[in-house]
Amino acid sequence: MPLRGALARVLDEPTALAFLQDSGIIQRHRILHLRGAHDHPMKPGRFRAQAGGAQKGSSEETWASAQAHSSKLPLRTAVHFMYWWSYRETTVEFCARELGMSKNSPVQWNRRMRQVAEDALAACDFIRGPRCTVEADEALFGKRKSNRGRVLHPQWVLGGVCRETGECFLEPVDDRKTNTLVPLIRRHVLPGSTIITDEWRSYYRLKDYGYTHLRVNHSANFVDKKTKANTQMIESLWNQAKHGHKVRYGTRRSSLASDLREFMWRRKLRRCEDCFAAVLEKVAALSSPQ
Numbered sequence: 001m002p003l004r005g006a007l008a009r010v011l012d013e014p015t016a017l018a019f020l021q022d023s024g025i026i027q028r029h030r031i032l033h034l035r036g037a038h039d040h041p042m043k044p045g046r047f048r049a050q051a052g053g054a055q056k057g058s059s060e061e062t063w064a065s066a067q068a069h070s071s072k073l074p075l076r077t078a079v080h081f082m083y084w085w086s087y088r089e090t091t092v093e094f095c096a097r098e099l100g101m102s103k104n105s106p107v108q109w110n111r112r113m114r115q116v117a118e119d120a121l122a123a124c125d126f127i128r129g130p131r132c133t134v135e136a137d138e139a140l141f142g143k144r145k146s147n148r149g150r151v152l153h154p155q156w157v158l159g160g161v162c163r164e165t166g167e168c169f170l171e172p173v174d175d176r177k178t179n180t181l182v183p184l185i186r187r188h189v190l191p192g193s194t195i196i197t198d199e200w201r202s203y204y205r206l207k208d209y210g211y212t213h214l215r216v217n218h219s220a221n222f223v224d225k226k227t228k229a230n231t232q233m234i235e236s237l238w239n240q241a242k243h244g245h246k247v248r249y250g251t252r253r254s255s256l257a258s259d260l261r262e263f264m265w266r267r268k269l270r271r272c273e274d275c276f277a278a279v280l281e282k283v284a285a286l287s288s289p290q
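Number 252 in my numbering belongs to position 252 of the sequence shown; there are no gaps in the numbering.
Cβ pair distances, simulated, as ranges:
1. 180 <-> 103: 34 to 42 Å
2. 178 <-> 217: 15 to 23 Å
3. 174 <-> 223: 27 to 35 Å
Cut-off 16 Å, straight-line C-alpha distance, at most; resulting in silico cross-link-like pairs (EDC-like, lysine to aspartate or glutamate):
4. 268 <-> 164
5. 103 <-> 93
6. 268 <-> 167
7. 103 <-> 89
8. 282 <-> 119
9. 242 <-> 171
10. 282 <-> 22
11. 268 <-> 281
12. 268 <-> 119
13. 72 <-> 13
14. 177 <-> 199
15. 226 <-> 198
16. 177 <-> 198
17. 268 <-> 118
18. 282 <-> 118
Since the hints were made in silico from the structure, they are not lab data.
All values derive from a computational prediction rather than experimental measurement.
Beta carbons are placed, not taken as given, at the ideal position from N, Cα and C, and that holds for glycine.
Generate the whole structure from the sequences, applying the supplied hints.
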C-alpha cells in the first residue's frame, strides 16, 4: 500500500504504534533494565520515556527515545507531523489547526526533524567527478533592500550546484578569501570536475587542484562569448534558498546553517518517489539500537 494510503489508516494510538513499528522506528518489544525484567510488548501511549530514567528502550538512547524526554506528543500526532514535515507543511499555524499541537511543539519538532536531515546529509556523497560541471558563487543572506528595514547581521554563504544532478552545497563562511573558499570547494567537489565562477579573484587557484576552471565576467555579460560559460543555475538556487529561508525563519541568522543543510538534503531527494518514505527510513536508522 502506498505510504499516503497507509497514513490514512493511522487514526488512533494503536494504529499509530503499529505504523511506527512496521516502519522500524519503535521496537516491537522494549527491554526494561530492572533486576529480573524481561522483554515487554510496547503499548500505545505518548512519544515519551518514563520519568526518572528507570526504564529505557535500549542500552543506548535511540532517536525516538531522545525525543521522548522532551515531548509528550501522542503517537498519532507524531506520525502525522513527520508526514507533513516531509512536504514542508509544519508551520505553527498549520500544526495548531490540523494537528492540534500547542504553540511550542511544532518549533521543537521542526528542530528535531532538521537534525534528522542533517544526519542524513552527513552520510551522503556530494558532487562527484570527473564529468560534472559545477557552478559556484557566494551570496549574502540578510542584506537589506534599498537600505530599508531594520539593520541585520548579513551572512555570506558559499554555494555550488551540479548541472548534471542538481545536487548542491551551501556553506556559511566568515569571509570570501581564497583560504576560506577553495578548501570548501575541494571538500564538496572531486578533482576532474569543471567549475564555473565569476571573476572573484579568490577562485583563481582552483586550477591548481585538478579542476577545469571557467570564469564569467558579469560586468561585461552573463554568458561568456568564447566558452559559453554562465552561472544561471546557481543564481536560481540562491533565489530558492533565500526565499525558503525567509518564509520559514524571517531574518533570523541562528537558524540559517541548519536550514541550509535541510535545503541541501531535500534537493537530493527532489527526484525521490516519496519524500515521506525517505524521512521514515532515516528516522528508523536513528532509532535502531547501535
